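Chemist: Taken in sequence, the protein lines are chains A and B. Under the working numbering, the first residue of the first sequence is numbered 1, with each subsequent residue one higher. Under the working numbering, the first residue of the second sequence is numbered 1, with each subsequent residue one higher.
It is possible that some hints are incorrect.
Because identical chains cannot be distinguished in the list, a pair is counted as satisfied if it fits within a single copy or across any two copies.
As the list claims (entries may be wrong) - Pairs of lysine-lysine residues, derived as DSBU-like cross-links and limited to a Cα-Cα distance of at most 30 Å, are as follows:
id	residue 1	residue 2
1	4	35
2	147	15
3	51	132
4	9	138
5	128	147
6	51	134
7	9	154
8	136	67
9	147	122
10	128	57
11	137	9
12	67	3
13	35	3
14	122	51
15	122	9
Derived from the structure by calculation, the hints contain no laboratory data. Computed from a predicted structure; not experimentally measured.
There are 2 protein chains.
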Amino acid sequence: MFKKRDNIKEVEEGKYLEPKFDENGLIPVITSDFKTGDILMHGYMNDEALKKTIETKEAHYWSRSRKSIWHKGQISGFVQLVKEIRIDDDQDSIWISVDIGNGASCHVGYRSCFYRSVPLGKIDNLEKVKIKFKEKKKFFDPETVYKDEPNPTKL
Amino acid sequence: MFKKRDNIKEVEEGKYLEPKFDENGLIPVITSDFKTGDILMHGYMNDEALKKTIETKEAHYWSRSRKSIWHKGQISGFVQLVKEIRIDDDQDSIWISVDIGNGASCHVGYRSCFYRSVPLGKIDNLEKVKIKFKEKKKFFDPETVYKDEPNPTKL
C-alpha cells in the first residue's frame with residue numbers, strides 16, 4: 001500500500017512515508033495528549049488503521065485482542081482527535097498527538113494508561129518491585145462504560 | 001526474574017511490577033524528554049535492560065540490530081538520565097522520562113527521532129504520501145560521532 005522501502009537514505013531523510021510493519025503487519029504507536037504532553041497509551045496500527053487515522057483525523061488502531069480495526073472511543077465515547085502524526089527515523093514507529101477533550105484513554109478507568117510509576121534505585125528482590133499509583137482516582141467507572149465487553153488485558 | 005503474572009486484576013491494579021515481555025523477550029519503551037515532553041525515541045528492553053535502567057538510572061535498551069544490551073550514549077556520549085519510569089495498565093509497555101541535557105537522541109543527528117510529520121487528510125496516492133521535516137537542522141554530525149559504526153536502520 002504505502003511506498004516500498006528500498007533505500008535506507010530515503011527512509012531516514014526522504015520526503016515520503018514508507019512505514020515498516022512488523023512480521024504481524026503492525027507498527028507501534030505512541031499516543032500523547034497534545035495539551036499536557038502526557039503519554040496516554042501505547043498501541044499498534046496496521047496499514048489500514050494508519051490510513052484511516054490520517055484520513056479521518058480520528059485515531060484508529062489494530063486491536064490485538066479482538067484482531068480487528070479499533071476506532072478508539074467507539075464504545076466509550078472517548079474519541080481521539082488527531083492533532084499531529086510523526087514518524088521516526090527508520091519509520092518503524094509512530095507518535096500521534098491527540099485531543100481527548102475532557103475524556104480519558106485507559107480501559108481501567110484512568111486518564112492515561114501509564115498511571116503507575118516504578119521507583120528507581122537498587123532492587124533487592126526482583127519479584128517484589130513495588131509500583132506507585134500516580135493517578136489517585138479513576139476518571140470513569142469501566143463497568144458502567146464497557147458493560148459486558150471482554151477485558152483486553154491478557155496474562 | 002520479575003513477579004509472575006497470574007492474575008489480571010493484580011496486573012492492572014496491583015502494586016507489583018509484573019512486566020510482560022513478548023515472544024522475543026522484549027517490551028516496547030517510549031522515551032520522552034522530561035523538560036519539553038517531546039518524544040525522543042521508541043525502543044525495546046529485555047528484562048536485563050529494564051533492571052539496569054531501574055538500578056543505574058541511565059537508560060539501557062535491547063538493540064535489535066546488534067542483538068545486545070545497549071547503554072544509550074555509550075558511543076555518542078548522549079546518555080539518558082532517567083527521571084521517571086511508568087508502566088501501563090496491562091504492563092506490556094514502558095514510558096521513561098529522561099534528561100538528555102544539551103544532547104540529542106537520534107542516530108541520524110536530530111534531537112528527537114520523530115523529526116518528520118505526516119500531513120492529515122485525504123490521501124490521493126498511498127505510494128506518494130509526503131512527510132514534512134519538523135526539525136530543520138541536524139544537532140550533530142552522525143558521521144563524526146559514529147564513525148564506522150553500522151547504521152541500525154534496516155529495510
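Chemist: For which of the previously enumerated hints does the structure constitute a violation, in increasing order of number?
Modeler: 1, 5, 8, 9, 13
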